[in-house]
Amino acid sequence: MHSVALILHILGVILWIGGGLAGAMVAMTAAARGKEIREAALGDVRRALLFVSAPGLVLAFAGAIALLVPGWEAFRSMGWVHAKLTIGVLLAGVSGVLSGRVRRAATGERDAPAGLFAALGGTLAVGALLAIVLVVLRPF
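Here our numbering is used: the first residue of the sequence shown is 4, the next is one more, and so on.
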């Protein structure tokens with residue numbers, strides 16, 4: 004069961020972070036286009052976030068819970084696990100902001116600033132890198 008949970012967690016993270024990064028990059032380039040093209044492209048990004056990144060987030064969290072619950076006695080004293088969990092929750096929030104801003108920009112409700120999409124994508128990338136470093140090095 005542990006191996007299945009780990010596989011689901013890793014697959015979920017790949018879909019979640021990879022989908023979010025790709026969505027942020029496309030949204031960033033679409034922001035510089037004309038209104039019709041921008042809104043059409045952002046509508047496609049919105050669907051990709053809904054059907055790839057969001058299910059990946061759910062899968063990543065489900066896999067993480069399946070790993071944490073049975074091993075909590077061992078994990079509760081490992082600081083790197085708490086740091087990784089904190090990063091995961093913060094990145095979930097970043098994904099929510101990205102999804103919301105793409106949705107509002109796709110419908111023309113709000114402006115689509117390329118810099119914001121770049122910053123959100125960069126935050127996802129840096130956060131994922133930090134989580135990987137914590138898992139590999141287990142510094143504390």
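One thing to keep in mind: the hints can contain errors.
As the list claims (entries may be wrong) - With a Cα cut of at most 20 Å, we get these calculated EDC-like pairs of lysine to aspartate or glutamate:
1. LYS87 - GLU76
2. LYS87 - GLU39
3. LYS38 - ASP114
Hints were generated in silico from the structure; no laboratory data involved. These numbers come from a predicted model, not from an experiment.
Now for the hints, and whether the structure bears them out:
no., hint, verdict
1, LYS87 - GLU76, "holds (17 Å)"
2, LYS87 - GLU39, "violated (40 Å)"
3, LYS38 - ASP114, "holds (10 Å)"
This entry does not satisfy hint 2, going by the numbered hints stated previously; all others are met.
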